[in-house]
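Enquirer: The lines below spell out each chain.
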Amino acid sequence: MKVEGAKQVHYESGPDMTPLVDVVMVLLIFLMMVGKFGGANRYLESDMPISSSGSSNTQVDPNLIPKEPVVITVIQPTPEAFRAVNGGKINAGDEKELQTQLTALLAGLKAAGRKLDDIQVFIKPAKNVKYSHVIKVYTAATGAGFTKIGFQTSD
Amino acid sequence: MKRKIPESHASHPNVVPLIDIIMCLIIFFMLVAKIGVSTGEDEKIKIPFGLLGKEIKSLDNTLVLNVKENNGVPETSAMLTPKGGREDIPLTGSGSKQSLESVLTRLKKENKELKLVIHGDKDMTFGTLQKVLMAAAQAKITSLNFQTTQKPAAEAAS
Chain X
1 MKVEGAKQVH YESGPDMTPL VDVVMVLLIF LMMVGKFGGA NRYLESDMPI
51 SSSGSSNTQV DPNLIPKEPV VITVIQPTPE AFRAVNGGKI NAGDEKELQT
101 QLTALLAGLK AAGRKLDDIQ VFIKPAKNVK YSHVIKVYTA ATGAGFTKIG
151 FQTSD
Chain U
156 MKRKIPESHA SHPNVVPLID IIMCLIIFFM LVAKIGVSTG EDEKIKIPFG
206 LLGKEIKSLD NTLVLNVKEN NGVPETSAML TPKGGREDIP LTGSGSKQSL
256 ESVLTRLKKE NKELKLVIHG DKDMTFGTLQ KVLMAAAQAK ITSLNFQTTQ
306 KPAAEAAS
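If you're matching them up, the sequences are chains X and U in order.
Under this note's numbering, the first residue of the first sequence carries the number 1, and numbering increases by one thereafter.
Under this note's numbering, the first residue of the second sequence carries the number 156, and numbering increases by one thereafter.
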């Protein structure tokens, strides 16, 4: 009979990291799945314009009422298209085209001595115009450099 | 002289750098991620695409108003209290439900710096938005924001 001596004892030199790694991985995946990360949403800021007409009986400072506002009328010939019109100065059915025309209009107004803060833009869409088209017009006006943009309601 | 790696160490990889990196990642996600923070947005509403919008750093004093149309009928809802859920706010009051204008007027009185964020469905008509704008104007809310997305794919997909 052959008697073998005890094998060499195998000592671990540190703590067992496996459960820790498991828990940490679960936490990491949970946070990645549940967390909401900012970046996609943006906001178009607007200050409510003050108008001389309307149903409110509030007395307002006449200086706050804009003089000669730029009114952009928006219609929707088809559900997928819109057309923005302002007299003979603006007639566009595309966001980029509208922005180009509005940029030229703003340059003309500035050349005529108007200050940017005094120029109020009113967007006046028809009732059936889609909100997404309204936002396109709004974005074009913002992109052209106008800062005071509001909405004019239609009957 | 070359040091011999102890047998007990040579049998498995060194996980310490892995744990370091994962711990850093966890701390990063815990700091950056917004978990359990809700402004009352209706995630089902598809908001319009807009490239030029600005990011609002702080949504303090802000009421997010969900606006959509259901078969041409305007529907508005918002989370009026931080711990409460989203409530329907009809444009015209009925029974115990206050109208949107009354709710906005009350909130404006309580908080002079109230900002309104419109989280509107891209396919709703201006007629619906107009009613909301008129209610906001009657409530004397002067700061208004339109929430947009920078993901054109979301708009194109629908």
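Mixed in with the good hints there might be a few duds.
What the hints assert, rightly or not - Calculated cross-link-like contacts (lysine-lysine; reagent style DSSO-like; alpha-carbon spacing at most 27 Å):
(1) U:Lys-209 with U:Lys-252
(2) U:Lys-209 with X:Lys-124
(3) X:Lys-89 with X:Lys-127
(4) X:Lys-127 with U:Lys-199
(5) X:Lys-148 with U:Lys-267
(6) X:Lys-127 with U:Lys-267
(7) X:Lys-96 with U:Lys-306
(8) X:Lys-124 with U:Lys-286
(9) X:Lys-96 with X:Lys-127
(10) U:Lys-199 with U:Lys-238
(11) X:Lys-127 with X:Lys-148
(12) U:Lys-209 with X:Lys-115
(13) U:Lys-238 with X:Lys-96
(14) U:Lys-306 with U:Lys-264
(15) X:Lys-110 with U:Lys-201
(16) U:Lys-306 with U:Lys-263
(17) X:Lys-124 with U:Lys-270
(18) X:Lys-148 with U:Lys-306
(19) X:Lys-96 with U:Lys-201
(20) U:Lys-295 with X:Lys-124
(21) U:Lys-295 with X:Lys-148
(22) X:Lys-148 with U:Lys-264
(23) X:Lys-127 with U:Lys-286
(24) X:Lys-148 with U:Lys-286
(25) X:Lys-124 with U:Lys-201
(26) U:Lys-306 with U:Lys-252
(27) U:Lys-238 with X:Lys-127
(28) X:Lys-148 with U:Lys-270
These are computed hints drawn from the structure, not numbers from a lab.
Nothing here was measured: the structure is a model prediction, and the numbers come from that model.
Enquirer: Which earlier hints turn out false for this structure, listed by number in ascending order?
Expert: Violated: hints 1, 6, 13, 14, 15, 16, 26 and 27.
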